[in-house]
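Asker: Keeping the supplied structure of chain H fixed, place chains D, A and E upon it in accordance with the hints.
One-letter residues, chain by chain:
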Amino acid sequence: MSILLSSVLNGLSFAALLFLIAGGFTLLYGIMRLLNLAHGALYLWGAYLAAAVISGTGNYLLAVLVAGGVVGIATVIGGVGLFARVQGNELREVLLTIAVSLVLADAALAVWGGHPVGVQAPEFLRGAADFMPVAFPIYRLFLMGLALAVGFGLWYLIERTSVGALLRACVDNRAMLASLGVNVRRLYWFVWMAGGFLAGVAGLLGSIVFGIAPGVDVQILLLALVVVVLGGLGSLSGAALGSLVVGLSYSFATVYAPELLYFIIFGPMLILLVIRPQGLRGANA
Amino acid sequence: MRLSVTSLAAQYGQGAALHDVSLEVAEGEVIGLIGRNGMGKTSTLRAVMRWPEPTVTAGRITVDGTDLTRGAAHRPARIGLGYVPQGRMIFGSLTVEENLSVLTRAFGRATVRAGLTRVWDLFPKLADIRNRRASVLSGGEQQMLAIGRALVGQPRILLLDEPSEGLAPSIVDELTGAIRNLANDGVGILLAEQNLTLAVSLTDRLLVLEQGRVVLARDSSGVDINDPTLRSHLGV
Amino acid sequence: MTTLMPQLTSRWTDQTNQNRRFLAVVITLVIVAVAPMFLQQFHVGLLTRIFFMGLLAMSLNVLVSLTRVLSLGHAGLFGVAAYVVAIGVTRWELPFLTAAAVALVVTGLVSMLFAVMIVRAQGVTFVMITVAQGMLLWGAAERWVSVTNGNNGIRGVRPPEFIQTANDFYWAAFAVVAVSVFALWRLHTSFLGTRLRGTGDSPTRMTSLGYSNAWHRFIAFTIAGLFAGVAGILYVGYFGFVSPTTLHVGNSVQVALAVILGGSALFLGPLLGTAVLLTARTWVVPVTDRWNLIVGALMIVTVLFLPNGLAGAFASAWAKLTRRIPRLAGRRSPDQNAPSAPAEPPGSSQPSGTPERPQH
Amino acid sequence: MRTRRWLPAVVGVVMLAACAGEGSEDGGGQFEDDDGTSQDDQADPGDAGEGGEPVRVGVLMPFSGPVAVSGELFVKGWELYWETHGTSAGGRTVEWVTGDTQADPSVAVEEARRLVEQENIDILVGPLLGSEGLAVGEYTESIGLPQVYGIPASEEFLRDIPDTIFRYGITHGQVSMPFGEWAAEQGYERVSTICSDYVTGWEICGGFINTFTDNGGEIVTQLWPPFGDTADLGPFMAQLAEQDHDAVYLGMPVGDAVAFFRAWTDFGLLDTVPVLGHHVTSSPSILKAMGLEAEGMISAGVFTGTLDDPVVEDFATRFEEAYGEPSDPDPALAWHAGALVRHGLEELDGDVSDADEFIAVLKQAEFPESVLGPLSVDEHGNVLYDVHIREARDRGDGVMENFVIDTYEQSGPNFRYDYDMYVEQPAYNRDYQGFDWPENCDAYISDCPLD
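Same order as they appear, the protein sequences are chains H, D, A and E. To convert, note that position 8 of the first sequence is 8 in our numbering; the numbers rise steadily by one, no gaps. For our numbering, add 1000 to where a residue sits in the second sequence, where the first one is 1. For our numbering, add 2000 to where a residue sits in the third sequence, where the first one is 1. For our numbering, add 3000 to where a residue sits in the fourth sequence, where the first one is 1.
None of these hints come from the bench; they were simulated from the model. For clarity, every value in this text was computed on a predicted model and none was experimentally measured. Ideal Cβ positions, reconstructed from N, Cα and C, are used throughout, including at glycine. The hints are all genuine.
Where chain E lies over chain H, by a calculated footprint (3+ residues, C-beta under 8 Å):
| no. | segment |
| --- | --- |
| 1 | 104-118 |
| 2 | 130-141 |
| 3 | 210-220 |
For reference, chain H alone in the conformation it holds in the complex (with noise of 0.2 Å):
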């Protein structure tokens, strides 16, 4: 019975990380339309940015701002330097984010060098949880609750604040919301930077999990991959609906059938999309 409870539990915290991690990326494919296969790369970036500045000054507040804000503000450049030049061309698109996440990957390890590097939680939120009836992380807990935050902050950003209206109307016809006198490069800048920063601060929510090595980029970004593409591509509920199926897929396979862990993450995602290639909550393309 408490291997189910924490199975479960297991199962919604991963989905939470995976939520997170994949938000700035759903929300760069939802707006922008732009696959960015850089975000593993990102999320590297904000992973050390953080970890350097809790390393050096403990304050988790300050590597939150540091990891986001630097990863925003390169996203914003990157993203107004190199990708308006391609937009519209997926193809060109997705070869740019891979090539920007290779020279970012490979920067990171001339910077940071090579070592793992571990990160801890703050400290209000070390330890497990003993008011639980089995041993649980009080980070993953406060994952979840974050998780809930952000979905639900976007959500609101989103359906009901004016800001969110541009962008809807922005995804709906760019050319359009252009013509009546918006500004939309400007619009993408905010994007662009919201992007960033969620990806940078992904960097150190999951580094606490995960812990900080060289490959990380790849693998979370196939994570991100896989969540998105699960539950439709730029749908934030997609997105949520997705990281739950992986989240709790990958923690019951761990405890049921551990032979098949390596084909978990991918054998669903390739056959839902050969049924479903729009995803869970995708429109019809």
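Answerer: Same frame as chain H, but now just chains D, A and E:
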């Protein structure tokens, strides 16, 4: 305020769309741009509105001497041009009101509030369905919304691309009335239209586009809609 | 992007030009065939690798340039062939060529299976399905230890008896790749190639003409997989072993980079891209550890500024040169590699007159 | 599209020009060091003119990709060795050139070929991973190049190793088998294992289980998280928390070990049972990433900078002075590779033309005092090591190090088992972990714990 287009040439990718288009629209004037499909009406309007395509390869677009040929895509609207595109292109995932209020960031709260009042006055029907998603509106309602949206920024010149397309005659009449009212209010109008009768009845002056060139220019008052040259240009 | 128009322009039907082109091909073939006699062993090996990795890139380009989709799982099919040969030779003790035949059949079947999965997919979804396919194959190579020997891979694969030296292998690889490239060329210029291009460029038009896009995508994917299999057989023959990294998505990415670097629009562009990448690597790696950074930067430049890749850049540079010095070009034109008239810059064969509708 | 006509020619010409351009150079003559430091600076001026062509050594390691740090550490140790001892050996100057495997076996082979054919190396040192080693070994054997391979190697090498390789490193089982016996003798009866689900993890776990169960220990459960840094370890922690065991045996390398320890701490399991580790889970850089909670982790390994041995102390001090980080097994292995190359050259008076001879010399070499402790070679060419059981502690300045608490002297890859019978068993894999082998004492050559 006067919009001047001089010897405009533009292309989609490698394919030329406009070769030599010149026209002028001033406040209070209604200019008709007529021609068959694919002759460059929509391309002209898009080029003026600085759409990503077609790309302008030659010529100048100015408003009162301000060059609009290059620069950011939102400048024409900020300077006072309103655009009602072919096919309406309303934002389907936004409500009716959001379709209008989305321009708050571009024009400021006060302007948009005034704009809203004006749109509700012009199209009372829209006021009743202001919280409905735009994607579920009827064709006529969508067209009203598209015109209303273009008016929010208080444009001095309005570019209309086939507003009557696909609409029932009664609704066309309603729209024609609205457009006439706008013209009477002093808004300059550039109307791209295939419907010759409608164009003649609305406009002061007609320009005929063929293969991306202006081939004929006449005052509407003198136009006989059965004129064989005109009809041959329009393919009717 | 430029495509090689299969309906040859009237100039191409010109007999002299045909002959010149034939001569150019023959001379190139002869030069490449005798090359190992004058090269160091390392360069013979390098060229051999360029042959089969270039063939892999060209097989991927069937998808990129014709059906306009990018596969990031292509190294998976390449790896399947390599694994089947390795298992055939080391476990079942088949002769290499028999194992190679089996490998082609298996790769073909796997390609068809995968092709069925992608027929409906577009753009990003297509990319993702191929990623998943590649990752599953990689997972199988890692985890199905009783068959694949897991992470250690399978070693001890000997090429057939008649291949004794590196030069022998070079010639064998050259022959196989030349035949494959010729076959791919025939595909590109055939009516089938035109139809495949149609599914990429204007699927709706294909449908209205009564062709099935799904069927053509299936064919394109299968053909691409088969030629990847040929490359995989050469790979395992050359290296003598195969391990899971061979079919990892990272490897697929490298292949895609070669295609784009060389230029997918020109038939031999991917081969050129592979040649540049593999050669540059042997120069760069001794100097710096930052090879990936350099490749990435190179790719960024290519994607941003050279839409037709290096081959395209060479083409337009050549066009400029010949335009500027027409007489020089004229003098050299009887020779094999100088056109008598300026070459058209890439991009000039865009279908004209049909304005694309802006994206909504 | 006239451009097509010249394209085959251009491709061909580019390919040939690319090669020919380099072909005219003789790789050997104009060698400049690849690591940014000039060879001349490193060569002891007194030895420089000591006659003959220099001996060229290829150091083949990953310098890019996920395991680049191991390659960098290795080169640091290698350079430090020659800086310390001078670059002359057996009457010849030693030069080296590096090759980057990118952790990909086929790239490793290609780089080996480049080093041989372009850089004219006489000896190859490396590479890192088991899969790379197996692939490169095929090649070096085919051309008769001596290869000195020292990184913890696949057990597959015990069963099939080319004659041209001197494998001076350990196998994972060589370290984990003594540890299994030690754990049982310490009174651990019920242990759960968690090892990465690939060849390294299988071998780390297999060795431990083989001897631990021989000595009456019981494996409660075996968990196999996928190898890779983003596997969620939460469900595994939940399962470990459920078990009634008195220790957890950890065999997840480097970054995965850090993630394990983070999860282990966060799930509140730190104070429940001890974690027993392996050297891949407990080098100082990993301990640093794990944080102070890793204090007290017991692990088995052959190198630790804290060993009470003047040679090791000397190396550890030099390394830390030179690079500002605690010494690590990778540079120690590189340092010893240097010592081996020097030994071979001196024994053969600098003549390395015969690979078999060179390897034979190394296989006879005894190092009573090496940076890796006293080393001897058994009749199968495997190096016997002192295997240490160590405990992780703060060494006093905030740096975590491993301190030896027990030692198994001169232990080989077959530990107490009969060599032939041991290698008749499959290499450890997920299905074969040595649970039921051996059934009786026939397979033991000493101290059989079975009745």
